[in-house]
Each structure stands twice: as C-alpha cells, then as structure tokens.
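Here the protein sequences line up with chains B and V, keeping their order. Residues in the first sequence are numbered consecutively from 1, following the numbering used here. Residues in the second sequence are numbered consecutively from 1, following the numbering used here.
The set of hints was computed from the structure by calculation and includes no laboratory data. Be aware that a few hints might be false.
Stated by the list, open to error - Quick list of the computed label-pair ranges, beta carbon to beta carbon:
| no. | chain 1 | residue 1 | chain 2 | residue 2 | range |
| --- | --- | --- | --- | --- | --- |
| 1 | B | Asp-446 | V | Asp-152 | 45 to 51 Å |
| 2 | V | Gly-263 | B | Tyr-121 | 50 to 56 Å |
| 3 | B | Asp-22 | V | Ser-261 | 43 to 49 Å |
| 4 | B | Glu-15 | V | Gly-263 | 52 to 58 Å |
| 5 | V | Asp-7 | B | Tyr-311 | 42 to 48 Å |
| 6 | V | Asp-203 | B | Leu-25 | 38 to 44 Å |
| 7 | V | Gly-263 | B | Lys-18 | 41 to 47 Å |
| 8 | V | Thr-159 | B | Pro-222 | 37 to 43 Å |
| 9 | V | Thr-159 | B | Gly-248 | 43 to 49 Å |
The beta-carbon is built from N, C-alpha and C at its ideal position, and this holds for glycine as well.
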Amino acid sequence: MTTVDGPVLPKLIGERVKRREDPRLIQGQATYVDDIKLPGMLHLAFKRSDIAHGIIQSIDTSAAEAMEGVELVITGAELAEHLGPMPIGTPFPAPDHYSVATDRVRYVGEPVAVVVAEDRYLARDAADAIEVEYEELPAVVDPEAAMEPGSTTLHEGFERNIAVESYWGGTGVNPETAQPEDDSAVDAAFAEADVVVTQRMLNQRLAPNAMEPRGVVAHYEPGREYLTVWSATQNPHILRTLVAALMGLGEHQVRAVAPEVGGGFGCKINIYGEEYAAAALSRLVKAPVKWIEDRTEAFLTTTHGRDLLGYIDLAAKSDGTITGLKARIIADIGAYEVLLTAMIPTLTGLMMNGVYRLPVVRHELTEVFTNKTPTDAYRGAGRPEGLYFLERAVDMLARELDMDPGEIRRKNFVPADEFPFATQGGLVYDSGNYEPCLDKALEVADWQGLLAERDAARAEGRIVGVGLAFYVEVCGLGPSAVVPTGGWEHSGVTVERGGKVTATTGASPHGQGNETTFAQMLADHFSIPLEDITILHGDTSVVKQGIGTFGSRSQAVGGAALISAAGKAGDKMKQFAAALMTDQEVSPEDLVFEDGRIQVEGAPEVSKTFAEVADFAYVPVPLPPGMEPGISEEAFFEPENNTYPFGCHISMVEMDRETGETKLLKLIAVDDCGNVINPLIVEGQVHGGLAQGIGQAMFEEVVYDEDGQPVTASFMDYVMPRAADLPTFELDRTVTTTPINPLGAKGVGEAGTIGSTPCVVNAAVDALSPFGVTHIEMPLRPERVWRLIQENGGQS
Amino acid sequence: MIPTAFDYRRATSVAEALALLQEGGPEAKLLAGGHSLIPMMKQRLAEPGLLIDIGGLDELRGIEEQDDGDIAIGAAMTHAEIAASELLRAQAPIVAETAAAIGDAQVRNRGTIGGSLAHADPGADLPAVMVALDATIAILGPNGDRQVAAEDFFQDILTVDLEEGEIVTGVCFAPCRSAAYAKLEQRASKFALVGVAAALTLDGGSCSSARVAVTGASSHAQRLGGVEDALAGASLPDGAASAAAGAGDGLEFVNEDLHGSEGYRRAMTAVFARRAIEAAAGRG
Ligand SMILES: Cc1cc2nc3c(=O)[nH]c(=O)nc-3n(C[C@H](O)[C@H](O)[C@H](O)COP(=O)(O)OP(=O)(O)OC[C@H]3O[C@@H](n4cnc5c(N)ncnc54)[C@H](O)[C@@H]3O)c2cc1C
C-alpha cells in the first residue's frame, strides 16, 4: 500500500478524551448569565411571600417607589395585565399560575411584587421596603391530610387538593382512559401468594442545588420588536417557544440564549415566572433587565424534586418468584403545576416494572397540592422514585424468604431473549441483558467476600451491612408522542473553508460534555483532528431548532441527529471530492475519509485533502452539475422509542452504635448504557449521579414545619454530600447496545442517581436487621438510625 | 443573600479600632474573619452600618508562651493557624485539634478565635475548649483592659460578657496535655451538635480533678459539674463511662432541631463526654 504524507489520526470514539470545556470552566473564563452586562441594564428584585398560605390584602409600594434609582415597582396583579398565566407542558388540568402572585400566596418564596432598579442592591432594599398584608390561611403541609374531605384547599376547583386523581396503570388498565377495567388478576395474584411484603415508604423532597443558581437577562428592543433572553436554562428552544407565546410574539421575534450553565439536574427545564416577568418588564421599561437568583431564593423557589409516598405490596411464591406488585403512590407536588410537574410522578409507575418479569402490576397515583415549592424534574425524574420503591420491596422479599438479594433478582429478570420486552406499564424495553451485568457486579464487588467481611465485622460487634440494587431506567426522551415539546433533536454540520467543521446541536449541555463527545464523533466521521471542530449550542439564533438537554437524551437523540447531519455533509464532501478527481474517474461511493483526506478506499494516493475539498466547495469552478455550492447540512432525528439502560449497584455501610452515624464504606456500580463515546465522561456522569443518589439516601431532605415554613433553606441545614462522605467508587460496565439509534448509545446522565439510592438504603437495612429493622426512611439521619438501635435496647 | 448598605473601615491599630467603635456607636461592628458576621448580614439578620476590620492587626496576632508558662493566642489568629501551631500541638493539643475540626478549609482560613469566642454560636467548638482549659479572655475597652474567665464570659445564645465598644484581644491558658475535645458534627454546617471538652489532671491511672465543658447541646458553652465531680478520684479510662453517663441529664436547656432532638442531644452529651474523657486520659 502506498502512503501519503500527514499524520495518522487515531479513532476517538471510545477514548478517554479530556473534556474540552474544562479549561475555561476551571480558569474562570466562561460566560454565565451573570457575566452578561448590557448598557443601560436595570436589575430586578422580587418581593416574596414569607408565609405559606394567605390572601393578599394590600401591598404598599410607596416607600420602595420613593427610593432614588428605583425605576418601577409592580405588583403581581398589575403585571398580570401584561402577562397571562404561565403555560405548562402536560395534559393534566392545572390551576392558573401567574409569574407573580396576583391575589393569594401558596408557598413561602412565591413572588408578590417586583422592583426594577438601577442596581441589584438597591432593588433588594426596595423590595424589602414593600409592605404586604396577608389574611393568613391554614398551611396545608401533609399530603395525606390534604386529601381528607374538608381540608383547606389551595385552588378553587381542585377539591381535596387533588391535582391528578387516580391515574391508573398496569395490568387490566384501559390505556385510553387510564382507568382499571378488569384488574382482578392483581387481587388473585395476591390471594394466591405464598408471601406478601408490604411497606409504606417516603421518597423525600429534595432541592436540586445546581452550583449556579438561576438567572435571566431580558432585552426587548422596541425598534426591532425583538426580544433576546439569556437564561440559565437546560432548553433555550423551549424557553423561546413559551416566552414568545406568553409575550404575544412569534418565535421569529425571540432569541433565547443559554450561555454557560452551571448545572441543572432537571430544575432548569421549567420556564419560571422570573423569566417571563423579566421579558415583560424589559418591554415595559424599555431597557434590558437582569435577575440573578440568590441561594436562599434557590432553596425557596427553584423547583424541588421527588416527594412521593408509596404504599407498596409485593406478592411472591416461596421460591422467590414475584407474582404481583401493587403501588399506591401519593405525590406531594407543592403549590402549583409548573412545566412538567404532573408528568414526573407518572414516570414512577411506568418504570415500576423494573428489570423483572412481573405477571401483574397495579399502579395508582394521586398528585396533591400542598403549600410548598412546586416540584418538577430532578435528576432521574420519576425513575429513582419507582426503582427505589421496587428495589426496596424486592430486598424486603429476599430478607423475608432468606434469599440472596442477587439471586432473587436473577430469578425474576426479564430473560435476554425476550427483548424487546413489553412491560406491564405499557413500555417496550429496547434491549437488555441483565444477568451478565449482575454477574459482573457480584464479581467486581467480590460479593461473597463482602458478606464474609460483614459477618466478621458483626462478630466484632460492629454494625455493618451490604446492599444491592438493580435498576433499569428510561433515557433518550422522546419520542414526540410522549414529549409535549416534541421528542426529536436537531443538528447542523457545516464544513468551513479550510476544512474546519462547525456543528450545532439542539441539545443544550450544562455539564454533560457534549462539546467533547460530539467532536469525537465528528472527528472520527470525517477523520479530522478534534481541534478542527467546534460544537455550538445554546443559542436559538445559531442553533436553528432544538429541544434541549434532559431525560439523558443528548447522546441518544442529539448525537443521532448530529451523525445524520454529518452523514449528509460527508456525502456532499465526497461529491465535491469526486468532481475534483474527474481525471481519475472516481465516483463518490468509492470515497472514504481517512487521516485528513478524502480518498478512494484502500488507495490513499488517489485522494484530496479535506481542506482542498472544502475550499473547492466554496469556490466551485466549475460547479459540478446539479450541485449547490458550500457544505452546510442539517438533520432532525426522531427516535422511535426510548432507550432503557440498566445497572447493578452494590454498597457496604457501617453505623456507629452510639451515635447512629452512617459511613458508606464501599460503592460498586456496574452500569450498562450501551456504546460509550467517552468513558471518562461516562464515569464522570456516574460519579456525580452516585453522589446525588447517595445524597438522597444519606443526607438530603427539604423539610417544612407545620406552618409550611421551610427549615432547610440554606446549606447550614440542608445537608449536601461532600467528597469526604464518599468512598472511592468502583466502576465497571457491560455493553448492551440499542437498536433505537445508529450509535447504539443509551444515555447515562441519570443512571447514578437511580441505582445508588435503594442500594445504600438496602445496605443500611441489612446493617440494622440484627435489631429487627425491616425498613428505614431516608435520609439516614444519625438520630433516626440511633433510635432504631435504641428501640432494640442498643443490642443486636 | 444581599446585605444592606454599610461602610467599611480597615483599622490600622487596636487603638484606632477602639476609637472607630466609639465613633460608630451601636451601628458599628467589628469584622474579623467574617464567617459568622457576613452570613448573618447576607440574610439581613444583622444590618450594621459600619464594619471595622480588625482581621489583619499585628497586635491581635501570635501564639506565644508567656513568662509564666501560660500560652496566649491573639484574637485575630485563624483556626488554620491555630491548627498548625507546633507550640499548641505540643503543649495544648486539644486547641489545635479542635481548630482543625472546625467547618471546612475556607472557614478555617478566614475564621478567627476572637470572632468565634465573641460571637458565641451555641454550636461553636472553641468556647467549650476554653471553658475546659479555664482560659482567660482578654478584653480591651474604652476604660482599659480586663480579664474574664471563659466560664463567666459565655452567658447565653450569642451572648457574652462584652460591652459595647470592647474588643477581645486574645485568650490565655495554662498548658495542658491531658485534654481532648470530641464532637458530633451537625452534618450540614459541621458545627457541634454536641461537643465536649475534657481537661484532666491525672495522677497515675486516676483523675485527681477535671474540668469538662459542653457546647452545642445547650444555649452556650458551660461546665458539666456532675461529670467533673464524678471524675474526681475516678480511675481512667475504665471510669470514664460511668462518670459521663449522666452528662446530659444535668443540662437545663437543650437545643432541639431537625438535626437532633432534645433526647438525642442529651444522650449524645454522655457519649461525647465519655469519648473526650477517654481521649484525654489516653494522652496521660
Ligand atoms: C460554613 C461554616 C461552617 C462553620 N463551621 C464551624 C464549626 O464547625 N465550628 C465552629 O466553631 N465554627 C464554625 N463556623 C464559624 C467560624 O468558626 C467563624 O469563623 C467564627 O465563629 C467567627 O469568627 P470570625 O473571625 O469569622 O468572626 P466574624 O464573623 O468576623 O465576627 C463574628 C462576631 O464577632 C465579633 N467579633 C469578631 N472579632 C472580635 C473581637 N476580636 N472582639 C470582639 N468582637 C469580635 C464581630 O463583631 C461579630 O459580631 C462555621 C462558619 C461557616 C460559615
């Protein structure tokens, strides 16, 4: 084989390429919303309710208005003349919800008025100077009490505070009406069961706590009738659609930009009142306005996650075969339905089939309003709740039957040859192969060794336990049939003069590393160096269309769109290349990309450089017949289904007998997310997810007192996991590809949060089982553990 | 998270700080490490009109052995500096270790011993240690200086024996090797949910006298008299558990919150008293 000059470019897919994003992030060279400063920009501050529930009697803005430098003070009722109720993205009935409360407040932190002032400090002082009088109403805090007849109701027309009434799923449920038709099979399964485990469990309320709080800059230019909104959002295109609609503008009049976004974890999917208000106020005061959330506001007003109460029953035969599952779930959704609020808990029931072949499932969901911050997606969004309930129940069953937690799961796995597998929840799992994953996890953890270690520790009087959980989750949201915004993704690929490549993606990364992984994919596709590729995202004026980043979709859906656009651009490159090589009678089909050249396969001497061809594409003399100049292609990708990654997590914990403090000794995670573009990034996603999942199990909880006052509204009381609380994670993986997209990649963003939580609680229950404990609620607060030990006289 | 407007002056001497305090009256507040004051200002729980920064004053710095053998620590010494002090590690390891266990690295790099003692957070660590060591707090005011015993200095929640216009200039205590501090961390803030400091006078395997103080459990750092009495003459470490057993019972007021109920904190007072005593006895 003849060779030509030039470097050999290694294939990058599957390589541990360091994140290209990181140098600018860790050197303070990134531009976040708060870094955006426009001439004449004014600042907003929101006056917020300090009570949980009450009717606004009066708002006195006079002192605030009198302050020098205050441009405007506007109450919710006044703003409502410019801004209608906020849209939501679910088909469920919802009460009107204004950006700023008009007549009644329903949670601590709800805005009641806005100040527009010359600087942020002044705006805040003016907001403090606003006097609001309320007629206080009883706070509705307990979701079960909220559903009692005669309870105080938050919203007219929503009797007993029920937002979503008895949403049914599972066996014998009419998929059209979501009502049970004949689910007597469920009752029969329980009647015939050898053993039934029953447990009420709380999947507690959490605060997402992105490192960067929310923020928005809105600039309405009256001369152009054009609005630009910069926001710390996960989905600028959705923001554009919704803000345009509420402002009475067309999408052609709005540009939305997500600059650098410092984490979202689901809480930056929703389009918030502050974003709408900023847009409307910019139009009103004819100046750009900025609002940056402070940490207290983040705790009070950024959507919370989880808060599901589950009544779970699991039926089985004495050999461990699971014969039925019942789940009655009550979701405490807080005071309002925001963008996806009502949809999130429905995912819980959908995913409660887990990795098992369950003959029958009954799932009943009620969503309830309370005087708390609204809930919405939080990393895992519905799946951690369902898998927690299920994996706790399966673990209880194993304990009841004295079976190994791995073996009881193995016994009930959906077998590898039954995929695609239709679940009782009505989903179709694309692909799966659970046993090798379990085996690998048991091997990596040295499960038998762990048990021996545990037993030896117990013999010394230590309180040690091991836990295992096996999860499956749903990633790659779409398709469009299930995502109200559309479930596709868009991408553009432009080969620039000189052979450099600019690509756009509608995925809007905020920590996922797509600037790296997508560049790896294009580098391999075109066989050009990574440095020659720029990935642009997060600006609707640059990225023509898009949905955004959530539901672990950026690789599986966004990546597929990228490859599709790259394919089109590549085809055109080959056509131009062939036109340049007419004397050699080359046809485009013979050409491949190799080491910066476009060459006849196996004959590098018959080639043009990538750069030569790109240059020719922009000055095509003569223009090949039937072709347009230039190379800029785009593609939409609509997935036909979701992807269903899975994994097995194993942990070991130890508790201090005297104090109840829990220490996580080990965490082993074997995840299967299909093909991996960049193991370093996948592991990073798993690490972060594990920390958050462990955070839920051990540390975090949003707590309200009986008056609806939050008692965990700062990092002095809300316990975040810290590096020192975590062991060195032991990771491994199996690879089961998906047929849903050409990459075979499933998604990994949320995996860590899903398996680790039940895994750690299972270990905690195992540790406490010598004390007769069969369940413990999260988080593993020392006092809670201590009490369980004390109730047994402190002796195991 | 946005404080009200305030003026800021950086004092160049203690005398200037005192004068500025006089001038500023009730509106004025001293600023040392700012790690208690600034969070309160950001929450608008404190709204001082004037901050007088004493953080870097040379006169308030230093960790020194005095002529009489006592150790003096300047008020502006940070927790990190105290934790790193060779002198303290050798002569009063309890102080260095306690400082090392405060908050996180950022807090230790900014927060000062003077600020911690003057602020008297009910969960602060150093107050209990100072009470156990029978330290003397040195105070300078418009009418000259005075010394107050640590156990009299701490009076109630965030309340100490400090008049308007006065500055804590430092603390002073006798070296003590057989002393230790043990705490149960509040998991979010790392303040003490319960912390106990024990300073023992050992006579072979038994304890001739002891000073034991608790923080976190109650409104302010205070002595656990019952434990001290029970320790007198006790053989250690065996006698630690029984001496500590009732440690929490005697406390009149016990804090209660999300992180620990009254019952839990009482029980933990006994646990951490025993741990502190055992650790102190282990130092022989
Ligand atoms: C996240 C976090 C975690 C923490 N964890 C712990 C912990 O685990 N244990 C613990 O003990 N502490 C903890 N702290 C508190 C920390 O130790 C503070 O630094 C300390 O309590 C106050 O010291 P400062 O120098 O920062 O004082 P500042 O905040 O500057 O001042 C506090 C108060 O004392 C006054 N003051 C300061 N210096 C003097 C002086 N020389 N004379 C008179 N008055 C003075 C000020 O006017 C002010 O009222 C934590 C703080 C934070 C923010």
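- prompt: Which numbered hints does this structure break?
  reply: 1, 2, 5, 6, 7, 8 and 9
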